[in-house]
Each structure stands twice: as C-alpha cells, then as structure tokens.
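Student: For the protein sequence lines, the chains are A and B, in the order given. Positions 1 to 352 (my numbering) are the ones given, in order, by the first sequence. Positions 1 to 132 (my numbering) are the ones given, in order, by the second sequence.
These are computed hints drawn from the structure, not numbers from a lab. Incorrect hints may appear among the rest.
Simulated restraints, written as ranges between beta carbons of each label pair [claimed, not checked]:
| # | chain 1 | residue 1 | chain 2 | residue 2 | range |
| --- | --- | --- | --- | --- | --- |
| 1 | A | Thr165 | B | Ala68 | 34 to 44 Å |
| 2 | B | Gln37 | A | Ala119 | 29 to 39 Å |
| 3 | B | Thr2 | A | Lys290 | 34 to 44 Å |
| 4 | B | Asp111 | A | Gly230 | 49 to 59 Å |
| 5 | A | Asp336 | B | Asp111 | 39 to 49 Å |
| 6 | A | Thr236 | B | Thr23 | 52 to 62 Å |
Backbone N, C-alpha and C define an ideal beta-carbon position, used for all residues, glycine too.
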Amino acid sequence: MNKTFLYETHLSLNAKLVNFSGWEMPINYGSQIREHNEVRNNIGIFDVSHMSIFDITGKDSKDFLSYILANNITKIVEGQALYSLILNHAGGILDDLIVYKLHDGYRVVSNCATHDQNANWFQSNILSFDAEITYRENLGILAVQGPNSSKVLSSSVSKQLMELTNFTFIELEGLFVAKTGYTGEEGFEIIGSFDLLSELWDQLISAGISPIGLAARDTLRLEAGLNLSGTDMNTTNNPYESNLGWTVDVQDPDRNFVGKEALYTLKKNNSLKLVGCILESKGILRSGQKIIQGNREGIVLSGTFSPTLQKSIALIRVPNDFEGSAQVEIRNKLFDIKLVCPPFVRKGKIMV
Amino acid sequence: MTDTPPDLRFLASHEWIRLDQETKIATVGISNFAQEQLGDVVYVELPEVGAVLISGDEVAVVESVKAASEVYAPISGEVVEINNALEQDPNLVNDSPYDGGWFFKVKVEEDHQENIDSLMTTENYLQRLEEN
Numbered sequence: 001m002n003k004t005f006l007y008e009t010h011l012s013l014n015a016k017l018v019n020f021s022g023w024e025m026p027i028n029y030g031s032q033i034r035e036h037n038e039v040r041n042n043i044g045i046f047d048v049s050h051m052s053i054f055d056i057t058g059k060d061s062k063d064f065l066s067y068i069l070a071n072n073i074t075k076i077v078e079g080q081a082l083y084s085l086i087l088n089h090a091g092g093i094l095d096d097l098i099v100y101k102l103h104d105g106y107r108v109v110s111n112c113a114t115h116d117q118n119a120n121w122f123q124s125n126i127l128s129f130d131a132e133i134t135y136r137e138n139l140g141i142l143a144v145q146g147p148n149s150s151k152v153l154s155s156s157v158s159k160q161l162m163e164l165t166n167f168t169f170i171e172l173e174g175l176f177v178a179k180t181g182y183t184g185e186e187g188f189e190i191i192g193s194f195d196l197l198s199e200l201w202d203q204l205i206s207a208g209i210s211p212i213g214l215a216a217r218d219t220l221r222l223e224a225g226l227n228l229s230g231t232d233m234n235t236t237n238n239p240y241e242s243n244l245g246w247t248v249d250v251q252d253p254d255r256n257f258v259g260k261e262a263l264y265t266l267k268k269n270n271s272l273k274l275v276g277c278i279l280e281s282k283g284i285l286r287s288g289q290k291i292i293q294g295n296r297e298g299i300v301l302s303g304t305f306s307p308t309l310q311k312s313i314a315l316i317r318v319p320n321d322f323e324g325s326a327q328v329e330i331r332n333k334l335f336d337i338k339l340v341c342p343p344f345v346r347k348g349k350i351m352v
Numbered sequence: 001m002t003d004t005p006p007d008l009r010f011l012a013s014h015e016w017i018r019l020d021q022e023t024k025i026a027t028v029g030i031s032n033f034a035q036e037q038l039g040d041v042v043y044v045e046l047p048e049v050g051a052v053l054i055s056g057d058e059v060a061v062v063e064s065v066k067a068a069s070e071v072y073a074p075i076s077g078e079v080v081e082i083n084n085a086l087e088q089d090p091n092l093v094n095d096s097p098y099d100g101g102w103f104f105k106v107k108v109e110e111d112h113q114e115n116i117d118s119l120m121t122t123e124n125y126l127q128r129l130e131e132n
C-alpha cells in the first residue's frame, strides 16, 4: 500500500488509518466531528498527498489543455487556477481537477482514485502535441483550511499570503501556495518537497493546530456542496446533470475539446439535475437510497450527517422538475426531505 | 482507553449483553471495538418497548457519520426499557459503550437464560479481537 511522507507522523498523532484507493490515509485523529468543527470555526491541517500532481510543459501545453479540459484554459493567466472537468468523447465525466498556470507550463492536481485512468488518458492524448506531462510523485500536498488560515499562514509562511485571492497562487522559497480548497472555508493548498512540508506540518502542529482526517474532509466538502468525483458523478453522467454546466465552456466556436460534440445533444436532452436535500427527521441519508416524488424516482449520491446543521444532508440526482419536498426510502420506510440548492454551508454560515 | 467489564457476554457481531441474575433483565449494547470502528455515532434507531425479540434478529441500527450498522439481538425476550438518552446524545455510545451508551433492556425468560451462557465471555471476546 502507498504511504505519504507523513505516515509515521500520523501514527504518532493517533490517527486511525484506512485504505483509501490504495493509500494508507488518516480517516480521523479521534473524532471526525470535532475535526470538522475545528475547520469550520478555527483552522485545521490535512495531508492530501495521495492526490496526483502532473506538470505539463512544452510549446503546445496550452493547446493540449485546451483540447483535454472541458473548461477553457485561456481563462487563466500565470498565478491563477481553474476548476475543470475532463470528459470522454461521449461527454461523460472522467474526473474533475484544478489546473494552475505556472510561469512555464501548467500544473494539474487531480484525484487519487482516478490516478491511473488520468495518467493514461493524458499520456495517450498528449502524443499529438509538442508537450510533455510529468507525474510529480516527489511532491506532497498539505491543505490548511479554516477562517483563521490566512492569519496563521501569513505569519508562519509569508505575509504575502494575506493578499492572495481565491483561485490564485504564489511560489515562494520552494513552496507552491494556492488559495484553493475543498471545505467551503477560506484556505490554502500547499505543494512542496517532503522535507519542506514536513517542517511546515510540524511547525503548525506544535502551534496547536489540529490535524484533520479524510472523514471530516468529506463532511466539509458535502456541506460546501462540492461534488466528489466517482461518487456524485462518473463516466455515465454528463456535466449538466451534475450541477457543473457552468464549468463547461462551449462558447468558443474555434475551440475543439474532448466531449464537446456530445455536449450539445446532452444539454438539449438533459432531464436530470443534481441538487441538495435535508432530511426533516432523524436518521442518515446514504448513497444509493431512493428519492420519491409522486410516481417518479431519484437517487442519493452522497449523504452524511452534517455537524453544522445537526441534520442529515445529501447530494441527490433527480428529475429536472423535482421541487420542494420529496421522500426518501430508508430501510423500507419513507421519510420527508426538503430539496435545497447547495452549498449547505459557506464560510461558517448555514445557507439553506 | 475504555476498560471492558469482565462480566459481559459477547456476540461475534460485537454486541454485549449483561444479565442481572436477580431481576432476569439483560442489558444490551455494542462493544468498545465496535464504536471505535464506527467512529462518531450520530443516530441510534432502537426497538420499541414491548417489542418481542428473537435472538439473532436485527433489532436496532447504529449510524455513525461513516456508516449504518445493524445491531442483532443476543437473546430472545421482551424489550422492557430503551435508552432514551441516546436520542439526545448518541455520542454516549462512543464515550461510554459499556455504561451510559447501552441500547435496550430485555426481560429474559427462564428457558432462554442458558443461551446467554453459551455466548463468548469477555475474556474470549478480547482474545478473539486480538487474534483478528
């Protein structure tokens, strides 16, 4: 099994480790709810080095990304980041990722479970371009998230971080620091060598900052209404039924990209949507449960207990005209749910 | 670390049962190992008072943030009390699995009492956990 450079450190912090797509990762350090609340109310640090970093260089790197990404790479300049889907030729979602425009070339950070699929996909599609892609397995990623993250990192790393706006980054003294995240709070994702990141991790932990496991990362992202690739969307889903039509840029008639042709039909015929819901009674929404309104059905994609709302919430895929309330089937019984627009929580505030 | 009381009996599915010899009322809960595996418990669905359980039946569900998990009746009998405190504070299952985090109590009829004796002792259960 793969281990991150912080494996021993996690053990010494009493992490409970689980197999996460072939990586032995901390799921919690005692209580995932306490960790969740710590990020919502204060600050926390995550080891997310299981995620994949690819650097793309060469004359045609922009053309390659323009072809492979569903969002338009020309929207960003050096120092900026962009969220994008990668689609297959049928318009199905292969994965989502963040791409950063470096001084020379680009950096892509994508999911761990899809690493092999993405590596092969990039490699086979880059052949017709004068560009090269490198998997940066010697770099790690830490996420520092929470309302106090700017304050803490600007004093421990650099004052310049105070000025970073969302979806921008800077490179300083070997650390690549981006104002991005997966929690719905202000925060940073920091890429660097194992040595530098170990130092930063130790420094922040000694300062009393809590380590946060992947279980809290999941409840934080769900409250933030952020899709999890593979769970909320996969190759059988198109962007329109995944609440991600806004990331698919079909405006430019001169830009051809993988999946574009299929998207026209998919958009025209789309009959489903991805929305949020709140369970009105006690109990927990879980992936796969049936949503019922009248004689029609939808499905729970990811569900959990929301520590912030103190109720169960979920992302669900339902027919386009489902509105208001519906019911969910849990262990052969029906319970009322309320449909809402994600996010559930943003910057510490309940939005629904 | 939660100490495991020596006087319990266990199912392989991690439920514990304690029989009060005088009242013939047995208390049921889940083990410390089970609560650790589940993580933060956020909801417990309990049987109703008066329900008649058959040993081996699914009688309760414990939901952590992570997953839902069935609880099986370790013994047959009528439910005489449920732990209402779990409704307000399901986290008791994590904090106090052998005490404040109990699930329900069953009146055990005489013919069923020896079934309890056939369950794993605390010592056997802990040994089994170690081996796995």
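Student: Does each hint hold? Answer for all of them.
Tutor: Evaluated hints:
no.: 1; hint: Thr165(A) - Ala68(B): 34 to 44 Å; result: holds (41 Å)
no.: 2; hint: Gln37(B) - Ala119(A): 29 to 39 Å; result: holds (34 Å)
no.: 3; hint: Thr2(B) - Lys290(A): 34 to 44 Å; result: holds (38 Å)
no.: 4; hint: Asp111(B) - Gly230(A): 49 to 59 Å; result: holds (52 Å)
no.: 5; hint: Asp336(A) - Asp111(B): 39 to 49 Å; result: holds (43 Å)
no.: 6; hint: Thr236(A) - Thr23(B): 52 to 62 Å; result: holds (57 Å)
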